[in-house]
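Number of protein chains: 2
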Amino acid sequence: MTRYEKVATVLRERIERGIYRVDDRLPSIRAVCKEMEVSISTAQEAYRQLMDAALIESRPKSGYFVLPSRVPTVLPSVSRPAQRPLDISQWDQVLELIATQRDDSRLLLGRGVPNLDYETLKPLSKILAGLHRSSDFNGFNYDKLNGSPELRQQVAKLAVASNCLLHPDDILITTGCQEALAISLRTLTQPGDVVAVDSPSFYGTMQILKANGLKALEIPTDPQTGISLEALELALEQWPIRAIQVTPTFNNPLGYTMPEARKRALFQLAQRFDVAIIEDDIYGDLAFTQPRPCTIKSFDDDGRVLLCSGFSKTVGPGLRVGWLAPGRYRDQALHMKYVSTGASATLPQLAVAEFVAKGYYERHLRYANRQYQRQRDIMISWVQRYFPEGSGISYPQGSFLLWVELPAAVDCVRLNERLAQKKLHVAPGSLFSASGKFRQCLRLNYAFTLTPAMEDAVRSVGELAMKMVEEANQHAAY
Amino acid sequence: MTRYEKVATVLRERIERGIYRVDDRLPSIRAVCKEMEVSISTAQEAYRQLMDAALIESRPKSGYFVLPSRVPTVLPSVSRPAQRPLDISQWDQVLELIATQRDDSRLLLGRGVPNLDYETLKPLSKILAGLHRSSDFNGFNYDKLNGSPELRQQVAKLAVASNCLLHPDDILITTGCQEALAISLRTLTQPGDVVAVDSPSFYGTMQILKANGLKALEIPTDPQTGISLEALELALEQWPIRAIQVTPTFNNPLGYTMPEARKRALFQLAQRFDVAIIEDDIYGDLAFTQPRPCTIKSFDDDGRVLLCSGFSKTVGPGLRVGWLAPGRYRDQALHMKYVSTGASATLPQLAVAEFVAKGYYERHLRYANRQYQRQRDIMISWVQRYFPEGSGISYPQGSFLLWVELPAAVDCVRLNERLAQKKLHVAPGSLFSASGKFRQCLRLNYAFTLTPAMEDAVRSVGELAMKMVEEANQHAAY
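Residue numbers (my numbering), protein chains in the order written: chain A, 1 to 478; chain B, 1 to 478.
Where hints are given, some of them may not hold.
One copy or two, either will do: identical chains are not told apart, so a pair holds if it fits within one copy or between any two.
[Stated by the list, open to error] Capping the alpha-carbon separation at 16 Å, the derived lysine to aspartate or glutamate pairs in EDC-like fashion look like this: (1) Lys157 x Asp87; (2) Lys144 x Glu96; (3) Lys61 x Glu471; (4) Lys437 x Asp274; (5) Lys61 x Asp136; (6) Lys61 x Glu13; (7) Lys122 x Asp136; (8) Lys122 x Glu150; (9) Lys358 x Glu237; (10) Lys358 x Glu150; (11) Lys157 x Asp169.
The set of hints was computed from the structure by calculation and includes no laboratory data.
Being a predicted model, the structure only gives us computed values, none of them experimental.
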C-alpha cells in the first residue's frame with residue numbers, strides 16, 4: 001500500500017465509522033500532513049482518491065466535506081405474498097421482540113424505538129416536572145374521552161404539514177398509535193372479515209387482526225412505490241375486503257414512501273369499491289426533506305380514511321400518546337375508545353401538547369431527522385460492506401428502520417438463535433408476514449448512536465449470515 | 001323556640017354542614033357560652049338535646065364529640081332484572097356522563113371520581129417532578145409489556161391485604177381498570193357469548209359487553225349481600241354462561257360488600273360449573289375499617305379468577321394505572337394487552353410505584369377513608385332530609401358512592417333533564433342496566449368536599465324529585 005493509500009484508508013475508516021459524518025468538514029490538508037506526518041502532495045493525493053470514490057467533495061474556499069452514501073444499487077425484491085386471505089400465525093416471536101425490551105441483555109438491533117438520548121428531547125422532562133405547578137393543574141383527573149383539548153389543538157396544527165385540514169374535534173387521542181389501529185380495525189370489522197394489507201406489514205397491526213379473528217389479504221408491495229394498486233384492485237374484485245390497512249409514508253419495515261399520485265390513486269380505488277382505509281402515519285414526521293410527504297387522508301373528501309399516528313416514534317413510545325382521525329366513523333371509534341381504556345393518561349398528553357406548542361417538537365424533529373439521515377447512510381454502508389453479496393437494502397427517505405433482504409439461504413429466525421450467543425438480536429422478516437414469509441429478511445434500527453461497537457455488531461450479523469450462505473452452498477455441493 | 005333550642009339548632013346545623021365532623025370535638029361549654037352569649041346552663045341543655053338526638057356524645061375528661069349518623073333504615077330493594085340474556089341498549093347517556101367531565105359547567109353529582117384535592121396526594125406531584133432526575137431514568141421508553149417491575153412488586157405487596165398471594169409476574173399492568181376488564185372479557189369470550197353480571201352493574205363493563213357483541217345475563221342482587229347465588233346457580237344451569245362478572249367489594253353502584261362466606265361460595269359455584277370469574281376490585285382499598293375485605297381471588301386455587309383493579313379510585317383516574325391478575329389466562333391476556341395499547345404509559349407507573357413504596361399510598365388511604373366515611377354519613381343525612389319519603393339508600397362500608405332508590409314515580413333520566421337548568425347532573429340508574437331498568441334510582445358521589453353549596457345541590461335534587469312524585473300523584477288523582 002502506498003503512503004497516500006494508507007492516508008486515504010485512515011480517513012475512509014473515520015468516515016465509515018461516523019467520526020466524520022455527512023456534511024462534516026474534513027481536516028485541512030495541512031492538518032492531515034501534521035497529524036500523519038506526510039507531505040502535502042501525499043495528503044492531496046489521498047483526498048483525490050476519496051473524491052474519486054465519491055466519499056467526499058471539495059467545496060471552493062471551504063474545504064473537503066463528507067458526501068452521503070450513494071443509493072444502494074440492490075433494493076429488496078417486490079413481495080409476492082399468497083393471494084388469499086390468511087389467518088395470522090405469528091405471535092411467539094413478536095412477544096420475544098416486544099416483551100423483553102427493557103431489561104434484555106441483548107442488543108436489539110431490530111427494535112422500533114427512536115433515539116431518546118438527543119438533547120432536543122430534554123425540555124420534555126422540564127415540562128413534565130413543571131406541569132403540577134400550573135394553577136389549573138388537573139393532571140390526576142380523567143381527561144376528556146376524546147383527549148386533552150390542548151393536545152388535539154396541536155395535533156391539528158401539525159397535520160397541516162401533511163396537507164390535512166383537521167379540526168381538533170376530528171381527532172381522538174389514544175394510548176399510543178397501537179390503540180388507534182386497534183380502535184380502527186374494531187370499528188370497521190367483525191370476526192372473520194378480510195383486511196387487505198401491504199406486505200411486509202407492521203407486526204402490531206397483524207396481531208390486532210389475529211386477536212379479532214380477522215384474515216389478512218397480503219398485497220404485493222414494491223420497495224419503492226408501495227402496495228401494488230393493480231394487485232389490490234384485483235383483490236377488491238375478488239374478495240369481500242372490509243378495510244385496507246397501509247403505512248404509505250416511510251413504511252415499516254420496507255422503507256418506501258408511496259408517491260403522491262399513487263396515494264391519490266389508492267384513495268380513489270377505495271372510493272370506487274366503497275371500502276375504508278386505515279392509514280398508519282406514525283413515521284410521517286420523520287422526513288429527511290421538507291415538506292414532509294402528504295397523507296392519503298389529505299385526499300379524503302368523504303371521511304373513509306382513518307388516520308392513525310402519534311408521538312411514539314418522535315418524542316417517546318413510553319408516553320403512549322397516539323391519535324386517530326376517524327373521519328366518518330367518529331361515533332363508533334369513540335365508543336371503542338371508551339371500552340378499551342376509558343381515557344388516555346392525562347399527564348403525557350399535557351406534556352406533549354406543551355412540547356409541541358413551545359416549538360420544541362419541531363426543533364427536535366429537525367435535529368433527529370438530520371441524525372437519522374446520516375445514520376441511514378452509515379448503516380447502509382455497513383450492510384453493504386459486511387452482509388452477503390447481493391443483499392437487497394431499502395432506501396428510506398425518513399424514519400430510522402432499514403429492511404435487508406439476504407440470500408434465500410439465510411433463515412433469520414435461525415440467524416437470531418445463533419446471534420443470541422453474541423447477545424445480539426435482529427427483527428426477523430417473518431414477524432411482518434401473516435404466515436411466516438420473509439424469513440430471509442430482517443429489520444435494522446439506525447436510530448442508535450452508531451458507535452464502533454454498533455459497527456462490530458452489524459459486522460457480526462453479516463459474518464454469521466455469510467457463514468449460513470456458505471453452509472448452504474456446501475450442503476448443496478454434496 | 002327557647003334559648004337552648006336556638007343554640008342546639010346552630011350546633012346541629014354546623015354538624016350537618018360538616019363544619020364539625022364525625023369524631024370532631026365540639027367547642028367546650030365555656031366557649032359556647034362566650035360565642036353565643038348564653039348562660040352555662042343553657043349551653044349544657046343544648047348539648048343534652050344533641051345527645052338525646054344521638055348526634056353527639058360526651059366522653060369523660062375529653063368533651064363532646066360528633067357521632068356518625070345512624071344506619072339508614074330503608075335500603076334499596078333487591079333487584080329483579082330480566083332473567084334472560086340481553087343485548088346492552090344504553091350508550092348515549094353513558095357518553096353524556098363520561099365525555100363531558102372535564103369542562104362541563106354542570107355539577108356532576110353522580111360522577112365516579114375520588115377527591116383529588118387531599119393534601120395526602122401532594123407527594124405524587126413531587127415524585128412525578130423528580131422522576132427524570134433518576135440516573136437510570138427511562139420514562140420515555142416503552143415499559144415492559146406486562147408493566148413496570150417496580151409497580152408490579154408494589155401491587156403484589158398491596159394484594160396481601162386482601163388475602164391474595166400474587167407474584168409480581170402474576171400481574172399485568174393496564175391502562176386503567178377499564179383495560180383490565182376489557183382484556184378479561186375479550187380473553188374469555190367470543191361475540192354472542194353470555195356473561196352473568198350483578199345488577200345494577202358498572203356501565204363501563206356493560207359497554208365492553210356491547211362493543212364485543214356479548215349478552216348480559218343480569219342476576220338479582222341484594223343491596224347488603226350482593227349477587228344472589230341461588231339465582232346465579234339457576235342461571236348457570238340454564239344458560240351457556242362464559243364468565244361471571246362481579247364487583248363484590250364496595251360495589252358500584254349498589255354499595256354492598258359480599259360477606260366472605262358468600263364470596264367463597266361464589267367461587268365454589270364457578271368451580272362447579274367450570275366458569276371464570278371477572279372480579280372488579282377497583283374500590284377494594286377504600287375500606288372504612290381494617291382489615292379490608294378479602295377478594296374472591298383469595299380463594300382461587302385453580303386460576304379461574306381474573307382480578308381487575310388499579311389506582312383510579314384512590315390515587316387518580318387520570319394516571320390510567322390499572323392492573324389485572326389474569327390467573328391461568330395469562331398468555332391470552334398478554335396478547336390482548338399487546339394488541340390493545342402495546343404497553344401502558346411508563347411515567348404514571350413509575351410515579352405510582354414510588355408513591356406506594358414510600359408509604360404515601362397507605363397514608364393517603366387512611367386519610368381519604370376517614371373523610372369518605374364521614375362524608376357518607378353527611379350525604380346520607382342530606383338524602384334522608386331532602387329526598388322523598390321512603391327513598392331507599394345504600395349503606396356502603398367503603399368507597400364514595402351512594403345508591404338511592406326513589407319512589408317509582410321518579411324517572412331519573414327526566415329528573416336529569418330538569419336538573420340541567422340548575423346546572424346539576426346525577427348518574428341515572430338506567431346507566432347501570434342492560435335494558436334501561438333502575439330509572440327510579442340514581443348514584444351520588446360523596447367524595448366531594450361537602451360544602452353548603454353541595455348541600456343546596458342535593459336539596460335541589462330532592463325537591464325536584466318530590467315535585468315529580470307530587471305531579472305523578474296529581475296525575476293519578478284525575
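So, going through the hints one by one against the coordinates:
1. Lys157 x Asp87: Classified as neither; 39 Å inside a copy, 41 Å across copies.
2. Lys144 x Glu96: between (35 Å within a copy, 11 Å between copies)
3. Lys61 x Glu471: The answer is neither: 53 Å in one copy and 93 Å across copies each exceed 16 Å.
4. Lys437 x Asp274: neither (30 Å within a copy, 39 Å between copies)
5. Lys61 x Asp136: The answer is neither: 56 Å in one copy and 45 Å across copies each exceed 16 Å.
6. Lys61 x Glu13: neither (25 Å within a copy, 89 Å between copies)
7. Lys122 x Asp136: Result: close only across copies, 15 Å inter versus 24 Å intra.
8. Lys122 x Glu150: For Lys122 and Glu150, the Cα distance exceeds 16 Å both inside one copy (21 Å) and across copies (24 Å).
9. Lys358 x Glu237: Neither: 49 Å inside a copy, 62 Å across copies.
10. Lys358 x Glu150: within (12 Å within a copy, 33 Å between copies)
11. Lys157 x Asp169: This pair counts as within: shortest intra-copy Cα distance 12 Å, inter-copy 42 Å.
Checked against the numbered hints listed earlier, the structure breaks hints 1, 3, 4, 5, 6, 8 and 9; every other hint is satisfied.
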